[in-house]
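Residue numbers (my numbering), protein chains in the order written: chain A, 311 to 664; chain C, 8 to 314.
Everything labelled a hint here was simulated from the structure, so no lab data went into it.
Be careful, since some hints might not be right.
Stretch by stretch, here's where chain A covers chain C in the computed footprint (C-beta under 8 Å, at least three residues) [said to hold, decoys possible]: (1) 93–100; (2) 104–110; (3) 115–122; (4) 204–210; (5) 232–240.
All values reported here derive from a predicted model rather than from experimental measurement.
Every residue, glycine too, gets a C-beta built ideally from N, C-alpha and C.
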Amino acid sequence: MKSKVWLGLLSLALIIALPFGTDLILGRSWVRLLDFALLYAMLALGLNIVVGYAGLLDLGYVAFYAVGAYLYAMLASPHLGMHWPLWALLPMGALVAASFGALLGAPTLGLRGDYLAIVTMGFGEIIRIFLRNLNVTNGPAGIDLIDPIQIGGFSFGANHSLLGWDLPGIYSYYFLFIILTALIILISHRLSDSRIGRAWSAIREDEIAAKSSGLNTRHLKLMAFAMGAAFGGVSGVLFAGFQGFISPESFTMGESIMILCMVVLGGMGHISGVIMGAILLAILPEAFRPLSQFQQATFGHVWLDPANLRMLMFAIALIVVMIIRPEGLWPSPVHRRELHANDSEAGSSQKAAL
Amino acid sequence: MDIFLQQVINGLVQGSLYALVALGYTMVYGIIELVNFAHGEVVMVGALVGLSVIERMAARGDTGWGVIAIGVLVAIPSCMALGLGIERIAYRPLRKAPRLAPLISAIGVSIALQQLAALIWGRNYLHYPDVLANPQFHIGGAVITQVQLVILGITGILMLGTWVIVQKTALGRAMRASAQNPSVAGLMGVNVDRIIASTFLMGSGLAAVAGVLVGTYYGVGNHTMGFMLGLKAFTAAVLGGIGSLWGAMLGGLLLGVIENLGAGYLSSLTNGAIGSNYSDVLAFLMLIGVLIFRPSGLMGERGSEKV
Chain A
311 MKSKVWLGLL SLALIIALPF GTDLILGRSW VRLLDFALLY AMLALGLNIV VGYAGLLDLG
371 YVAFYAVGAY LYAMLASPHL GMHWPLWALL PMGALVAASF GALLGAPTLG LRGDYLAIVT
431 MGFGEIIRIF LRNLNVTNGP AGIDLIDPIQ IGGFSFGANH SLLGWDLPGI YSYYFLFIIL
491 TALIILISHR LSDSRIGRAW SAIREDEIAA KSSGLNTRHL KLMAFAMGAA FGGVSGVLFA
551 GFQGFISPES FTMGESIMIL CMVVLGGMGH ISGVIMGAIL LAILPEAFRP LSQFQQATFG
611 HVWLDPANLR MLMFAIALIV VMIIRPEGLW PSPVHRRELH ANDSEAGSSQ KAAL
Chain C
8 MDIFLQQVIN GLVQGSLYAL VALGYTMVYG IIELVNFAHG EVVMVGALVG LSVIERMAAR
68 GDTGWGVIAI GVLVAIPSCM ALGLGIERIA YRPLRKAPRL APLISAIGVS IALQQLAALI
128 WGRNYLHYPD VLANPQFHIG GAVITQVQLV ILGITGILML GTWVIVQKTA LGRAMRASAQ
188 NPSVAGLMGV NVDRIIASTF LMGSGLAAVA GVLVGTYYGV GNHTMGFMLG LKAFTAAVLG
248 GIGSLWGAML GGLLLGVIEN LGAGYLSSLT NGAIGSNYSD VLAFLMLIGV LIFRPSGLMG
308 ERGSEKV
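Given only the sequences and the hints, what does the whole structure look like? Please build it.
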């Protein structure tokens, strides 16, 4: 018990020291990357509720992110001349995104999972058509000069200093995102052990059996879907405040696939695995940068576009993981048991036959 | 010029192309109950392979329908090989896996093909060379072009051919048996793996033809063209009743006509508030509508899920 406390304190110290260390060793742009990694971790945890817990495939998850981001951008920027505070916009972002989720999920969740997948995929595109063509969203140009996030009198966008260390906005955001990520982890963790969480895994494993055991599968699925959407909306609100500028091009199908890849690669349904997947894939583009510089230097032309190559790798990872290791790189013990329940049986019967 | 008639003609042509793609979705779904997300990308590959061939020949000065035909003849085996490869690598190992697995694998294939196409053909829109004279014919105040007539003719013939294969041949009987119950079909001596592979083969062949025709009709091709096309063809398949051949045909034509009428009248009906750039939204709303009110589609059978 005592060693557990020490371990907790140690990791807390590590988490606090991380941005400072990153800044010293790798430079300031990496602290910004860290912030993005945390945003992605929140998104991935939200999608994990839908895909990992309830086993529903959402291929347009980024649409809910867009809903949250545009909500904040419209109500807290000079674009419409409104400057609402975060404490109002954060729950609103969650609520509006969840309503979109419910609206989209209601017609499809009574049907087979394939329909949900294709409808969410369509919705992800359709919402971009609206964002590009509406006046309220300022069309393809997007919205800029978005207010930085502010709580009380503390602006997260401004420079602060602590003990002689100069702290730009990216530090404040780091700590804000850490706290919110911790909150989402807590919610996810409590959910997975709750009555609802167990009902979700029952549905994931065998929907017909779950239904005949008296579960209202449609309600439960809708709840998972809306809850995932709400997390997406919250992340979107934070993203808009953090970035200060958004446009429809931030919310492409590619983003949805990347978030899905974080969940699948890390380990569907396993919180630590999903966070690891998110951080890994968020930092990956940075690792690709030298590749294009190398090409530019040697050939004077970028033959293999890094963005292109990255998407290709994500796509191939999805296929390979599904075939070779469907539980992901860092699976939860329960999920691994579920997926490999037949292996040992088959193995032992083979042995018996020999 | 009669706008209504014109939009109906354009809609029928566009719809017959949707129908051709929808056939691939519906056949695969009918037999392995999987939405083959990569099908739209097979169409895209067909269009771009066709484009490369047609471009080479146009550069030598060849013109006429022969050039298009050779483009199609090269695209068909390319897409068939691709379809077979997709089935073998990404779907077959997952046939007994939980349902989420093949869906995730399918979306992986779809994105991978898009990115590979971007590596091969670049990210820009490519233009189909002008190799056809394309004369126009006037009927009742509207215009129909030769390309449109040929598209209607070819899709009609291919539809009929598919129906004959599925309903009248031994292969088709094996397909229908495997769709109904794969294990019993296997006991009756049907090689289910081979039947599934030939379903992919047929769907991909049709996709190749559709790809080159789409390219010829609209004049452009690009690595992302399969996405919307696939989504709409899937909508058509669901509208008609997924799993049903005639449903795919009917759904495609209906979707094409509604979409074109929408594009023609939406703006004037709403006083310009909703322009024709929302016509993609129309198809999506139709998909949602069908799923709410008649998920089995117009010609599909209502059935409960197999356990």
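Hint-by-hint comparison with the structure:
1. With 3 residues having a Cβ less than 8 Å from any Cβ of chain A, the region 93–100 of chain C passes the three-residue criterion, so the hint holds.
2. Under a criterion of three residues with beta carbons nearer than 8 Å to beta carbons of chain A, the stated coverage of the region 104–110 of chain C is upheld, 7 such residues being counted.
3. For the region 115–122 of chain C, the proposed coverage by chain A is satisfied: 7 residues have a C-beta within less than 8 Å of a C-beta in that chain, meeting the threshold of three.
4. Counting residues of the region 204–210 of chain C whose beta carbon lies closer than 8 Å to any beta carbon of chain A gives 0, which falls below the threshold of three, so the coverage claim is violated.
5. Residue count for the region 232–240 of chain C with a Cβ under 8 Å from a Cβ of chain A: 3. That meets the three needed, and the coverage hint holds.
Of the numbered hints given earlier, the model fails hint 4 alone.
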